[in-house]
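Novice: Residue strings, one per chain:
2 protein chains.
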Amino acid sequence: MQALSSARCEACDAHAKPATAQEVNHYMPQLPGWQVIRHDGIDKLSQTFKTQGYTRSMSFTNAVAKLAESSDHHPQMIVDYGAVTVIWWSHKIAGLHKNDFIMAAKTSEVF
Amino acid sequence: MQALSSARCEACDAHAKPATAQEVNHYMPQLPGWQVIRHDGIDKLSQTFKTQGYTRSMSFTNAVAKLAESSDHHPQMIVDYGAVTVIWWSHKIAGLHKNDFIMAAKTSEVF
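Chains as they are written, first to last, in our numbering: chain L, 6 to 116; chain H, 6 to 116.
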């Protein structure tokens, strides 16, 4: 089976199907450190990456932004002095799509 | 009186005095769009700046990070596709110091 980190995002529109509970349970063991959180009624994938200070936080933030631009799928990022929290979800379906699990895996690789 | 945006941050340690209510009331009219929020029992200065997309969000984030490094005072930043929220407070005193009002004014100038 293809690793999530080497899969490619598919175009996602408002009619795309959200990930099922079975799919979520299948993907999560491939994503150490990631958690499904529920925020404003929307399921999201979140991980806080500890860094060695602001310069490192910013270089990681820029690397994830570059990954986001290349995939045309963009996370929320919370930049702190010694940590960056990356949060993926699919705005168009207000929930989690396979794309988000792919991007989470790629984010961990970038880190 | 010196404009906040042209003032310089002073070194701030755990014994520095937090801004008084009177000082907050004095500074806030100089900071359009900024709000004092209370989060985890800590007063913070927050503003959400709307942007024209992720590239613009990232360029603003990098500009604020550069300002932060030059002042050795670092905000939390929440990067979204079409907005960046910048949140200033002084970790060492777990609250607001004059430095935070200065940095908020400089942030608005950068934007």
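No wet-lab data here; the hints were simulated from the structure. One should not assume that every hint holds.
It does not matter which identical chain is used: a pair holds within one copy or between any two.
Straight-line Cα separation of at most 30 Å, DSBU-like style, residue types lysine-lysine; simulated pairs [said to hold, decoys possible]:
id, residue 1, residue 2
1, K55, K103
2, K71, K55
3, K22, K71
4, K49, K22
5, K71, K97
6, K103, K49
7, K103, K71
8, K22, K97
9, K103, K22
Novice: State for each hint whether it applies.
Specialist: Hints, verified against the model:
no., hint, verdict
1, K55 / K103, "both (25 Å within a copy, 29 Å between copies)"
2, K71 / K55, "both (20 Å within a copy, 20 Å between copies)"
3, K22 / K71, "within (26 Å within a copy, 41 Å between copies)"
4, K49 / K22, "within (15 Å within a copy, 39 Å between copies)"
5, K71 / K97, "within (21 Å within a copy, 33 Å between copies)"
6, K103 / K49, "within (12 Å within a copy, 36 Å between copies)"
7, K103 / K71, "within (20 Å within a copy, 35 Å between copies)"
8, K22 / K97, "within (10 Å within a copy, 47 Å between copies)"
9, K103 / K22, "within (9 Å within a copy, 50 Å between copies)"
The structure fails none of the hints (numbered hints given earlier).
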